[in-house]
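Enquirer: Chain by chain, the residues:
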Amino acid sequence: MTLTAPPTHPPIPWTRVCALDDILPGTGVCALIGGQQVAVFRLGGRVYATGNRDPYTGANVLSRGLTGSYTVSGETRVKVASPLLKHAFDLESGLSLDDPRLSVPVYATRTEGGDVWTGSLA
Amino acid sequence: MSTPIPHLVIVGNGMVGHRLTEQLRQHAAPDALRLTVISEESRLAYDRVHLSSHLDDPRPDLSLATDAGYRDSGVTVVQGRADAVDLTAKTVQVAGQTLAYDALVFATGSFPFVPPVPGRDARGCFVYRTLDDLDAIREAARGARSGAVIGGGLLGLEAAGALRKLGLETHVVEFAPHLMPAQLDAEGGAALRHTIEGMGIAVHLSRNTRQVSVDAQGRVTGLDFEGGTRLDADLVVFSAGIRPRDDLARAAGLSVGERGGILIDDACHTSDPHTYAVGECALHDGRVYGLVAPGYQMAKVAAVNVLRDLGVLDAPPAHFRGADLSTKLKLLGVEVGSFGDARGVTPGARSVSLSDNVRGTYSKVVVSEDGRVLGGLLVGDTARYADLLDLTMTGTPLCVPPETLIVPPLPGGAATTSADALLCSCENVRQSALCAAIGEGARDVASLKKCTGAGTGCGGCVPSLHGLLQTELRRLGETVTNHLCEHYPYSRQELFDVIRVRGHATWDEVLAAHGSGLGCEICKPAVGSILASLHGELVVAPQHAPLQDTNDAFLANIQKNGTYSVMPRVPGGEITAEGLIAIGAVAKRYGLYCKITGGQRIDLLGAHRDDLPAIWEELIAAGFESGHAYGKSLRTVKSCVGSTWCRYGVQDSTSLAVRLELRYRGLRSPHKLKSGVSGCTRECAEARSKDFGIIATEKGWNVYVGGNGGVTPKHALLLASDLSEDEVVTLLDRYLMFYVRTADRLQRTSTWLENLEGGLDYLCGVIIDDRLGLCAELDGEMARHVGTYRDEWAAAVNDPAIRARFRTFVNSDARDEGVQWVDERGQIRPADAPHLYPLPMLGGD
Chain R
78 MTLTAPPTHP PIPWTRVCAL DDILPGTGVC ALIGGQQVAV FRLGGRVYAT GNRDPYTGAN
138 VLSRGLTGSY TVSGETRVKV ASPLLKHAFD LESGLSLDDP RLSVPVYATR TEGGDVWTGS
198 LA
Chain U
5 MSTPIPHLVI VGNGMVGHRL TEQLRQHAAP DALRLTVISE ESRLAYDRVH LSSHLDDPRP
65 DLSLATDAGY RDSGVTVVQG RADAVDLTAK TVQVAGQTLA YDALVFATGS FPFVPPVPGR
125 DARGCFVYRT LDDLDAIREA ARGARSGAVI GGGLLGLEAA GALRKLGLET HVVEFAPHLM
185 PAQLDAEGGA ALRHTIEGMG IAVHLSRNTR QVSVDAQGRV TGLDFEGGTR LDADLVVFSA
245 GIRPRDDLAR AAGLSVGERG GILIDDACHT SDPHTYAVGE CALHDGRVYG LVAPGYQMAK
305 VAAVNVLRDL GVLDAPPAHF RGADLSTKLK LLGVEVGSFG DARGVTPGAR SVSLSDNVRG
365 TYSKVVVSED GRVLGGLLVG DTARYADLLD LTMTGTPLCV PPETLIVPPL PGGAATTSAD
425 ALLCSCENVR QSALCAAIGE GARDVASLKK CTGAGTGCGG CVPSLHGLLQ TELRRLGETV
485 TNHLCEHYPY SRQELFDVIR VRGHATWDEV LAAHGSGLGC EICKPAVGSI LASLHGELVV
545 APQHAPLQDT NDAFLANIQK NGTYSVMPRV PGGEITAEGL IAIGAVAKRY GLYCKITGGQ
605 RIDLLGAHRD DLPAIWEELI AAGFESGHAY GKSLRTVKSC VGSTWCRYGV QDSTSLAVRL
665 ELRYRGLRSP HKLKSGVSGC TRECAEARSK DFGIIATEKG WNVYVGGNGG VTPKHALLLA
725 SDLSEDEVVT LLDRYLMFYV RTADRLQRTS TWLENLEGGL DYLCGVIIDD RLGLCAELDG
785 EMARHVGTYR DEWAAAVNDP AIRARFRTFV NSDARDEGVQ WVDERGQIRP ADAPHLYPLP
845 MLGGD
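Protein chains in written order, with this note's numbering: chain R, 78 to 199; chain U, 5 to 849.
Some hints could be false.
[As the list claims (entries may be wrong)] Covered stretches of chain U, going by a simulated chain R footprint (3 or more residues, C-beta under 8 Å):
1. 176-182
2. 450-461
3. 543-550
4. 808-814
Please keep in mind that the hints were generated in silico from the structure rather than gathered at the bench. For every residue, glycine included, the Cβ atom is placed at its ideal position computed from N, Cα and C.
The following block holds chain R by itself, in its conformation from the complex:
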């Protein structure tokens, strides 16, 4: 096997996903947007969105991971740990905390009138 190009992540259109109340604080849900699985998390008063596929296992499970915070160089950041083998990813950068060569796509979010929206930045 040879080195393959990183998987491409096609942009997704801005879409209303669900009501904010549909997501229990601290947890995630999965949305299907243009054939892409997007994990949407509600954490610490904000909403984050990443790809749902765990690159370590190939399974679409990240929305079912436990969320939390971690501290790096004095800065508090947010993360999700895959429910399969507990590999964690930064919710804002998408980078794997175990191996920075791996990452998941991240998407922009906004809440509007009690609804959660997500999409690719321009």
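Place chain U on chain R using the hints.
Expert: Relative to chain R, chain U alone:
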């Protein structure tokens, strides 16, 4: 209609005599039995086992009995030495009075044997038996420089410790060629000698003392040995064994042994029908026991029988059938353990031993021809005493070479056999690489993972990484914390206590009061589990669901492709034909892969998340409930068919297994709990590889705890024997609740028990003897658990808000297209996912 209250007289108030008064009063109040104790020493009963601590500063109170205590329990004390007993008139002469008795017990103990050497009565010669003896030795030591103890046995070494405490140059003189000849062999004695000499005590072996030399004033100057050698000493302590004090009994006409000791039968009866004897003065089956434990057993037996004979107690007769002489003790700070056939005298026995001349340790096991442990010796390190004694008592056939029983474990706690163990087999990382990374600054498991790759595959070695890290850091002299994670500066046990004491009910309360940040995948499930253990609320309730790992959040076990497996509870592995058909029908309807598990139930794999509530509804309709296969909680209680069907079975193991599984189902704990119940000693349910296992005996049930299969197999240890079913339940209630309270996160009972300071003895102290006064609380907590249990599956399917969480997509009814199946042997299996980590990241062309 007043019949006179019977009168019992006990001659002697040593440890066993005192224990007898306690045993008697347990069964008979003062209005049922008059009790008189004759005490020769000026002090009432005291702890003779720890005599030498009388010289410590501060001086501990060794007394076991007090005047006030005896007064309160209606025990009359007569001070003085009994002069004569008239068996026909049933009277004792003591201190000028005549006591009439209905029953008499001799508890006269023993006296130190002093060999008949000239000079043995000189000034400066002592024995080592009573507090008065110790006071006299202390007085004499003031003007003395050196002291010699004649006798290198257990008591002699105790006495040597006492002389050393008094600041004397101390010598031990032993006739035999090695120390502790009654317990140890030559090599064990040598290991002990090595350590004792290291403390500055001189040991003289194979020495026969010819005389005690004295000066013109009649004061001791030293010892002269056969062969012309000599040892200077200012005081001499004789500690060459004990002899039963049977003079009073002998004069009264009771039968005594040829070499002394009042003859008793299994009921502790002497040759006179109204007279008993217990403790070191008694001769049972040709043997005088010089240890306190057999004396206590005799006291228990005699108490029952004497009360029966007096018509005070209606109970079956009790029997003393001899005692096991296994002992573990600390002599001069050196641990010594001796059990079973320690010297290997059984015909055909094979001995395997290991000695370390630098550490001064010696271990030996004696194994029978058919591979069972018969006994052994441990000097310098008795950590394995309980395990080995257990193997000896149970006669368990060994499945490993006997030498592995005595080889010390390697650091890191991992069950490894090579010096540089392969800890992570996924990433091929050895211990040496991990130690190097720690040496270069890795301080937590995350950085170890990053530096070495270890633990990034299947993750099964992560607990070993934790263990190695702790060991290595301790070795490097660094502070090791057991904090849960960066969000909580507490161990799980500390957090459990703080949540229990403060009464916190939710994650938000706990985080606000004791944590920081937003939590993580480590502390959230830990707190979720603690809250569930304490309050018994549903783990899928909205305030708790966000804390749960996916398994607890969806009440099923996640599989590699993101689907779940479903496992209904099958208590004790007992299932009806209708039950089997119902499970089969569900599997067929939802296209599930079926497998029989090791825990005697049926696993249904490949369920989509959104099918789970419907699957459960069908199973619930057929009478099933959640099996908690996903939780850190009780899994199964495995059983054999027991006495109901099996021709070998001695108890109904299946019924007990069902009872236990239904009692402890749903109990959230630091890790999963497995159990087994075997209906006879053949152990078909493999109970000893479980967190708690129960094995039937002719008389009831033996309870074993702390067993494990898995990566680090461990045989469970015997906690208690011959219990009734109800006693088993009470004991297990406390054991489980104590484990839930005190274990670390993800710590199985085996490692918990290994790390519990004081080990099995401590556990027994807490949950049997109630030394911490915790039992009522533990009982109450388990009663609350049993009272509030409800089926989580039923709760989930009946709550529309919870049910909604099972949708695959929040905005679509589609299913996960990433889940693909292929056929294997007529069932589904997950198709291998493409492009999986580890990808060949570097190199290539």
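Enquirer: Look at each hint and say if it fits the structure.
Expert: Structure-based check of each hint:
1. With 0 residues having a beta carbon nearer than 8 Å to a beta carbon of chain R, the segment 176-182 of chain U misses the requirement of three or more and the stated coverage is violated.
2. Taking a C-beta to C-beta cut-off of 8 Å, the segment 450-461 of chain U contributes 5 residues in contact with chain R, enough for the three needed, and the coverage statement holds.
3. Restraint check on the segment 543-550 of chain U versus chain R: 3 residues with Cβ-Cβ distances below 8 Å, three needed, restraint holds.
4. Residue count for the segment 808-814 of chain U with a Cβ under 8 Å from a Cβ of chain R: 5. That meets the three needed, and the coverage hint holds.
The structure shown violates just one earlier hint, number 1.
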